[in-house]
Amino acid sequence: MADNPYLAHLPPSQRGVGHSLSTSSSSSDREPLFGFLPRKVKGEQVRQAMNHQLNPFTKQPHSAQYRKILEARRALPVYAQMDEFLKRFSKNQIIVMVGETGSGKTTQIPQFVTYSDLPHTKGKLVACTQPRRVAAMSVAQRVADEMDVQLGKQVGYSIRFEDMTESGTTFLKYMTDGMLLREAMNDKELSRYSTIILDEAHERTLATDILMGLLKNLAKRRKDLKIIVMSATLDAVKFQSYFSLHDSAAGEEPSPAPLFKVPGRTHPVEVFYTQEPEPDYVEAAIRTVLMIHRAEDPGDILIFLTGEEEIEDACRKIKLEADDLLNADPSSVGPLMCVPLYSSLPPQQQQRIFDAAPKPSQEGYPPGRKVVVSTNIAETSLTIDGIVYVVDPGFSKQKVYNPRIRVESLLVSPISKASAQQRAGRAGRTRPGKCFRLYTEKDFISELEEQTHPEILRSNLANAVLELAKLGIKDLVRFDYLDAPAPETLMRALELLNYLAALDDDGELTALGGVMAEFPLDPQFAKMLIVSPEFRVSNEILTITAMLSIPNVWLRPPNQRAAADQAKAMLTVPEGDHLTMLNVFNNYYQNKHDRNWAWNNFLSARALAQAENVRAQLLRTMEKYDVDVISLEDERKRNIGIRQALTCGFFMQVAHKEGEKGSYLTVKDNQASTTLTIFKSLALTSSKVVALHPSCGLDSQPEWVLFNEFVLTKRPYIRTVTEVKPEWLLEYAPVYFDLASFPNGETKSALQRVANKRRGLSNGGGEETRPKKKLKKDKAKEEVDKREKL
DNA sequence: GAGCACTGC
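Residue numbers (the UniProt record's numbering): 1 to 790.
Just so you know, these hints were derived from the structure itself, not from any lab.
Computed from a prediction, not measured in an experiment: that's the story for all the values here.
Fair warning: there could be bad hints in the mix.
[To be verified] Straight-line alpha carbon distances no greater than 30 Å define the calculated DSS-like cross-link-like pairs of lysine-lysine that follow:
{"no.": "1", "residue 1": "Lys-568", "residue 2": "Lys-216"}
{"no.": "2", "residue 1": "Lys-220", "residue 2": "Lys-122"}
{"no.": "3", "residue 1": "Lys-568", "residue 2": "Lys-624"}
{"no.": "4", "residue 1": "Lys-122", "residue 2": "Lys-40"}
{"no.": "5", "residue 1": "Lys-122", "residue 2": "Lys-216"}
{"no.": "6", "residue 1": "Lys-40", "residue 2": "Lys-124"}
{"no.": "7", "residue 1": "Lys-688", "residue 2": "Lys-661"}
Make the full structure from the sequences, and use the hints.
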């Protein structure tokens, strides 16, 4: 056996029993998975298979690298609990698992599952979802290495724009949660999967929340499907009771889903609080950093602030003060390097967070220190090794949705306790660290929420509701959510989808809605894309949709503002910002051979490349559903067609000019639906007075404009704006613009004049409003009524 | 005359 080249370097204890390449017919010749009974596999069997000289999945001898990695895997906390995990996996359909950072759960548990579940023997897959693409990709790569297979073969990943799997070969697939949700829309049973693992469930992304609801239901229908919900924090009790086993037929009391717990592997972090609340957290953060720099041992610092402007500002101030300190006394204070970090920063600059801290200014002088000033991106998405000190002012920008006024906005808000703990943990990744919280301990205990509100409670749900409808969920209000959204939010979503004709008046998905759901877009965009061939401008609408699906393309470096504005003016189309976006993309496309074109025009090449990617994906979907891609030759007619198609998707986002001061009134925000009587009770809002955003490229102030975005910053603004004709509103959205139900005012009078003129022209004929059908008074309505009474 | 927390399809 010592001759075995694959085992010779291992101590005898790890060679397993009788594994050899000899051809004699001893038990050692058995296949690595000999005797494995699906879902009844024991830890000892798995360990033997792992030690076998042959890879059970490729039948190839294990590589030296495999052995080396296996050594490291054995040291992971989760590895020590393999036996217990497999026992639980055999016994239960649903398991909730808690593993702190460093436990190895994301890489190991899916592997344990495959050894027990043996998906490859039944043509199935094990899926493990992640909230972020990079995580899905990098974990898949790591696990492929650990299993000694090529990425994309037995182990793969699936994310938007990239399917790194091989049909028939891949049996362990990491994927984004949104991707699995999309798959569910076309296969409600998720029949390809034998086990589904939802990782990072505590992050409570919209997709994970919806998946939890679906899987809970699916588990009742598919007894062969196993589900593991993995979470990092101790909020597992909630998941346990949500997934409780309840056999009501047998009259049993519900018993919580079993919990499997694995310790983490991090270093202790000492937490400090301020004695008094800090009135200015940015100033306090800067002061704290300098205090650490002067008084604490070497080690890098991570500060959490809320946004780009705040971060750049703080970096400048820290740098100034630190340079002063260094100049005043270079023998007692080291040099300091300050690095900003936020998502809109170009990747090259983001990489700077991994640079080493500066060297001492002179030999024998104190070492330098790196300070990273970051948004929440460093809380979950990016990990920086070597951080020893964390400064946590206790705030972050969070999305909030107000269904009453249908507005999503960003608000600087206090973080949750869970978030504060996550931030503190960032100081203990490489060695014991310290966390300075810029609030009092009392506030931490009594003021901070336990958990950040899940996304489903903070978002416009139009998209999610369309997805659920496509998933066959009939009663959206009664759907078994882990946290149910406000009924108003659901109503707003239903209302929008009904106006877009994605749902009929009974709340049933229409054929149009079914196709809309196939597009990875907000419903308004999907609608306008699908109807755009009627205006013979689908090629252009496709481009505009792609451009509006990506981050801002305009660059404006602080020292070159005038030049940037000038470049923008050159590309601006005065009829509207949507046409400008189209123009930008077309120019980019024509100048693709010129690598400097984007840069010379102060445009983000990265964003434009993304737009191209999105456009290609949308084009594939259009082709799949026979949405023709066509263009109008004549530029004038084409631009009108584009604006008309825009109106078909965004007629609910229209503003009417009031007076001459450039103020606009959003149309009909204070209105209840005409057909859906259940929304009458929601008609409590007032119209919003808004202004055109300064970035708007319109050369005049047209009477009627359509906007893509409402932003609430210093003032309420509408952004990405295009002029529309009121006739189009009446023609393409007759139900929404039914004047009989319109509130009196300037807007109504203006529309009335247009309507009268149209009626005159068509001689009173052609009643275009469709017959009004009352939505049956269903549970949804009762739900809302109940709310209103409270 | 301003801004874009972070993801995802």
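Here's how the hints hold up against the structure:
no.	hint	result
1	Lys-568 <-> Lys-216	violated, 51 Å
2	Lys-220 <-> Lys-122	holds, 21 Å
3	Lys-568 <-> Lys-624	violated, 36 Å
4	Lys-122 <-> Lys-40	holds, 15 Å
5	Lys-122 <-> Lys-216	holds, 23 Å
6	Lys-40 <-> Lys-124	holds, 17 Å
7	Lys-688 <-> Lys-661	holds, 15 Å
Going through the hint list in order, the structure does not satisfy hints 1, 3.
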